[in-house]
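Enquirer: Each chain, written out:
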Amino acid sequence: MMNLFVLQLLNGVQLGVLLFLIAAGLTLVFGIMDVINLAHGVLYMVGAYLIATFAAATGSFWWGLLLTLPAAVVVGLVIEFVVMRRLYARSHLDQVLATFGLVMIANEAVKMIWGTSPLSVPMPEIFSGSVPLMGPLKYPVYRIAIIVAGLAVALGLFIMVNYTRVGMLLRAGATNRDTVSALGVDINRLFAIVFTLGAVLACLAGALVAPILSVDTGMGESVLILTFVVVVIGGIGSIKGAFLGALLVAIVDTLGGVFGPILLRSVLDPSAAGQVGRVLAPMLVYILMAVILFAKPAGLFGRRA
Amino acid sequence: MNHTTKLLASTLLAMGMTAPAFAQDVPASADDDVLKIGLVYTLSGPPAALGVQARDGFMLAAEKIGDIGGMKTEIIVIDDEGKPDLAAEKARELVARDNVDFVVGPIFSNILMAMVQPVTSTGTILISTNAGTSTLAGEACNPNFFVTSYQNDQIHEVMGAYAEKTGYQNVFLMTPNYQAGKDSQAGFKHSYTGATAGEVYTELGQLDFSSELAQIAAFQPDAVFTFMPGGMGVNLVKQYSQAGLSSIPFLSAFTVDETTLPATQDAAVGMLGGANWAPDMDNEANTAFVDAYIAKYDAVPGTYAMQAYDAAQLIDSAVKKLGGDLKDRDALRAAIHEADFDSPRGDFSFGSNNFPIQDFYLVEAVKRDDGFYGTSIKEQIFDDYVDNYASQCKM
Chain A
481 MMNLFVLQLL
491 NGVQLGVLLF
501 LIAAGLTLVF
511 GIMDVINLAH
521 GVLYMVGAYL
531 IATFAAATGS
541 FWWGLLLTLP
551 AAVVVGLVIE
561 FVVMRRLYAR
571 SHLDQVLATF
581 GLVMIANEAV
591 KMIWGTSPLS
601 VPMPEIFSGS
611 VPLMGPLKYP
621 VYRIAIIVAG
631 LAVALGLFIM
641 VNYTRVGMLL
651 RAGATNRDTV
661 SALGVDINRL
671 FAIVFTLGAV
681 LACLAGALVA
691 PILSVDTGMG
701 ESVLILTFVV
711 VVIGGIGSIK
721 GAFLGALLVA
731 IVDTLGGVFG
741 PILLRSVLDP
751 SAAGQVGRVL
761 APMLVYILMA
771 VILFAKPAGL
781 FGRRA
Chain B
1100 MNHTTKLLAS
1110 TLLAMGMTAP
1120 AFAQDVPASA
1130 DDDVLKIGLV
1140 YTLSGPPAAL
1150 GVQARDGFML
1160 AAEKIGDIGG
1170 MKTEIIVIDD
1180 EGKPDLAAEK
1190 ARELVARDNV
1200 DFVVGPIFSN
1210 ILMAMVQPVT
1220 STGTILISTN
1230 AGTSTLAGEA
1240 CNPNFFVTSY
1250 QNDQIHEVMG
1260 AYAEKTGYQN
1270 VFLMTPNYQA
1280 GKDSQAGFKH
1290 SYTGATAGEV
1300 YTELGQLDFS
1310 SELAQIAAFQ
1320 PDAVFTFMPG
1330 GMGVNLVKQY
1340 SQAGLSSIPF
1350 LSAFTVDETT
1360 LPATQDAAVG
1370 MLGGANWAPD
1380 MDNEANTAFV
1390 DAYIAKYDAV
1400 PGTYAMQAYD
1410 AAQLIDSAVK
1420 KLGGDLKDRD
1430 ALRAAIHEAD
1440 FDSPRGDFSF
1450 GSNNFPIQDF
1460 YLVEAVKRDD
1470 GFYGTSIKEQ
1480 IFDDYVDNYA
1490 SQCKM
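Residue numbers (my numbering), protein chains in the order written: chain A, 481 to 785; chain B, 1100 to 1494.
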């Protein structure tokens, strides 16, 4: 049971860093620009499709990744310019409607361009094996690489937010947008930077999971809800909160998914236990959210109550 | 006439006019001299690979035969998009508007269930080349319904019988949480008496199996049995080998086959499955089929292609026996039941419920000499195997 716990903890951390990459952008866009972006999951999907295309064209995962990042910048800038810029002054309902429309347009566009069959991305050769962990246990190298890459990005973001001029503007913007604008900061430029940064991080998350999952339309929606939970738990606009929230949500989700059914199996038959466990595991995340919001209504690191 | 009488009269008139339609079992399609066949397969969406193989297999046979049954042949290909309601509607159109003589397909059991009534109630023959639902093999068997594949449970039973024979004591079962997944575990346990290390049901469509693989790694079972069709299987197989679990035997049904091997490649080599045939079977009919398929489509055929290929051969043999006269439906059904053709799988005959009686094998994923990946016969598990539901069929 201990072995299983250790493996699941690693799986939880791996899912956590991915959620963090997506949630970081979402929380910034939400906190600084006050825009609810339901299409954030689309960027995750686009990242996966971009790397699938580039990796297939160049024959290498690394070239694919290298080309995906500048392409993600372009995607972010274009969406910001074409859609988002028009939504800043609108109500939240308009934003939800417009970005939900964007989700449907993007999914259909992806189907038209890449077809409906799922794509696969080759795993980089040096990360394709597994490493012995303890006893007979092994863990895939690639998932460890995802954890390391995610933590590195988190560290980079932490340094950027706390020790650079852009970071200072981001923090100021998340605290009080109007004052930042009144102090003569070009708010349009700041918004473009924030949105593009979020887009690149989400695309990076999509690119990183592409070799372990198949690249499929609708993969964005599957993570979007969990990401919003992360943002709410962490406190809107807080990178630190997004990081902690992502790990918390992912670990609770993965451990609950396995140990729930195992505990239930002692009282129910396996099929029913599996079923109930599957239902309970996602509920755990929302229960966690409710408890945290009860104690801290603005989330773990939220500033606005 | 008062209202009641009018109502009664018009009802009787309406009944009188529709009565002949009830009585007649000869569809309008039997009257013309064109042999029309409607193919209904899932040709788009994630599971499209299976439907594409089946369509290609049928078309290959049609091309080889030329005029099927010696009649001018017209084949209409329909994409059911994986939607049962759409399939039922398209099946109705095929029968009522296009006047087809035979409907061939589909891949999935839920779609088959939606199509059976609209097609067979008009007297049109339906030939399933993949789905073999238990109810249709038993209580709901139907004289106008034939199957060239298998009864769904049989593949799972092959794997259970193999686990039993090998003496595994502790097998980890993992299938998606829907009816076919539950049937799969029941089918496996039908012929396996040992203990299970875990019976896990995953979400249908789940793509990341990290937590299930963690359980397998922690429990270290004698073997893993799984049923993960389509994209789920591709992901599971890749993640299984990445997690370093390859030392634990991987028994599977509909997971490692010619439709998923192009995506999984080396990750799947050595994994085991159950089947009624494999492309490397050594007989004349099979060599001709596999060589022609590879030459035409540049891919190795799977069971989906083989079973559809046989459906075309089956129609050809039956219609030829009748000399193209399809009006005598009893004679047509009898001619189909004879199954007088050379199947690439060797032994093939129809049981009392119009499901095949055939041999089943343990197959292993291999890299073939021609560079393709495919399955290969390892050993025979069942000889002339009859499904468990045939005795419940009264027809």
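Check before you lean on any hint, since a few could be wrong.
[Stated by the list, open to error] Covered by chain B, according to a simulated footprint, are these stretches of chain A (three or more residues, beta-carbon under 8 Å): (1) 503-509; (2) 572-581; (3) 704-716; (4) 728-739.
[To be verified] Sample of chain A residues facing chain B (criterion: CB under 8 Å; computed from the structure): (5) 610; (6) 622; (7) 624; (8) 642; (9) 644; (10) 661; (11) 694; (12) 696; (13) 755; (14) 771.
Since the hints were derived computationally from the structure, they do not count as laboratory data.
Note that beta-carbon positions come from the ideal geometry of N, C-alpha and C, so glycine has one too.
Enquirer: Hint by hint, which ones does the structure fall short of?
Expert: Of the numbered hints given earlier, those the structure breaks are 1, 2, 3, 7, 8, 9, 10, 14, listed in rising order.
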